[in-house]
Amino acid sequence: MTDETRVEWREWGPDAFAEARAADKPVLLSLSATWCEDCHEMDAETYAEPRIAANLNDGFVPIRVNVDRQPRIRERYNMGGFPSTVFLAPDGHPITGATFIGPDGMRQVVDRVREVWEKKGADAGRLPRALRGDLPPAGEVSPRIESHLAGQLEVAFDEAHGGWGDAAKFPLPRTVGFALKRDRSRALRSLDAIRDGLFDPVEGGFFRYADDAAWSKPNREKTLESNAALLRAFANGYRYTGEDAYLDPAAGTAEFLVDSLWTGTGFAGSMGPAAGTDYYLLGKEGRDNAPGPRTDLTVYAGGNALAADALLVLAGLTDDERAREFGSRALDRLAEDLVDDGVVTHFRSGGDAGEKLLLEDQARVVAAACRARQVLGDESVAGDPLLAFAADAADAAIDELFDEGSFLDGPASGEALLSSPLRPLDGNVEMANALLDLAALTGDERYREVAQETIGAFAGAWDRIGVQIAAYGTAAARLLRDPLVVELNDGAGSDLHRAALRVADHEALVVPEADADGLADGTARVSAGETTVEATTPEELMQAVSSVTPDA
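Counting along the sequence shown from 1, when you hit position 269 you're at 269 in full-length UniProt numbering, and nothing is skipped either side.
Hints in this document: simulated from the structure, not taken from any laboratory.
Glycine included, every Cβ here is placed at the ideal spot set by N, Cα and C.
Incorrect hints may appear among the rest.
To be verified - Taking CB as the label site, the calculated pair distances span:
hint, residue 1, residue 2, range
1, V155, G121, 44 to 54 Å
2, L519, S216, 52 to 62 Å
3, A168, A44, 15 to 25 Å
4, L135, D196, 35 to 45 Å
5, V155, E45, 36 to 46 Å
6, S413, D24, 23 to 33 Å
To be verified - Think about it this way: if two alpha-carbon atoms lie no more than 16 Å apart in a straight line, the pair counts; the simulated EDC-like pairs of lysine to aspartate or glutamate are:
hint, residue 1, residue 2
7, K119, D24
8, K217, D38
9, K25, E8
10, K25, D15
11, K25, E115
12, K181, E154
13, K356, D341
14, K25, D123
15, K356, E400
16, K25, D111
17, K217, E37
18, K25, D58
19, K356, D337
20, K356, D395
21, K356, D340
22, K181, D505
23, K25, E118
24, K25, D91
25, K356, D399
26, K217, D166
27, K217, D200
28, K120, D24
29, K356, D392
30, K120, D91
31, K217, D196
Using the sequences provided together with the hints, build the complete structure.
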């Protein structure tokens, strides 16, 4: 990533910050990613300019960070997109920052930072408000949370173009998931817009976002995380409609994951345009003769857990054996190489290893194992039953990251702002929803209690939570209603099991091989709290689910 620059980049770590302190120089922190087209452009235009590079090498300690490999740094220093260009005091506190900076802009910024540094020195840096140690405002988990976020689906919706927001458009797949049960028309209109604007019809898969409100200017980068989340969203769109308009993009994305991102042992992290080409603007013949896209071959835990989850959703809805196979293989890779006694390592690659116990990774492993239990049955992964594997990951997160009612994003340790605790709402929501799955599947109310406390920890600010984190409303609603659970003594793959995966909504839980007390062979028990109905055929099961489904 740095071969086009003349800047003498250091790695993030104690040596770089010690150098800045000893030399009494500010730090230039560059946040970049393999998939990021603008990052490579800034390398070629700005950091490759000899005089700019000389000024940066002489007057600053330059540090380059790959945001996919070090997400805690990304969350603390992100300036609103990538690249992020951040000037720091030697203690790691930001002085100023921006995203992409061209050569002329960089000259001006460097001059301003030098002026501030000469006047204030180390006092020029400030600790961001989110890291000052204030706890989030706690409150009651009440129906108004779901109602507020359901209302935001309408308020923030772009009636002209679909999706939410009025500038650059991100697909927001978790918001789509919330809307599918509460505002299905807008959810489907958003999926239509995402498909028409971001889906790659040549090689499959979705581009990361659009630079305009009309979805007509896709930013031509593909990441594993966004594709996995959109695969799940489109599969669930198909669940509710039965329409190929939603199944085809889901199946095409599954093919993209397997054909383009599978490394042999797991899914690669991302794919971006090749250097010096408009690769994604070419047709198939042009792509065959063009340099290949930049691909980050790192197998990241969170992205692979999301992919396993999404592929297994598709397999459960369609009997897609390839999706089932590769969803299982991704989960096996996690268990064998990236999870040890419930502790998830972010990645391992070429002798390097990422951080352990990142909240997002832990939550996604729990969710993926719970999904696998529902689709694959009572199987084992790396020698452990799936729910035991999920419980180990949940327990590790609760023991190490659950603090004063909510989860930290990772261990509060490391250089600069890494030593400051951060309680990300989106990560807490992911973990809460995963814990609710685990509680329903295991019957262990301890996980539901932690989820309740976690959502309650932010509930004092319910009216300030926007549509981007509508999944907070999902978790709040699930806490206020008994879960819909379908238990079957039948094995995974039976007609009754396959029907259960299709007719229950996407927030319900399906438990094949349940061995439930009093449940006869070939029978399904559908329950929501004290209400239970039994069924022995797919037709009866559909009626039973409808009769006990709580009102959305």
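message: So, against the hints stated earlier in the document, which numbers end up violated here?
response: none
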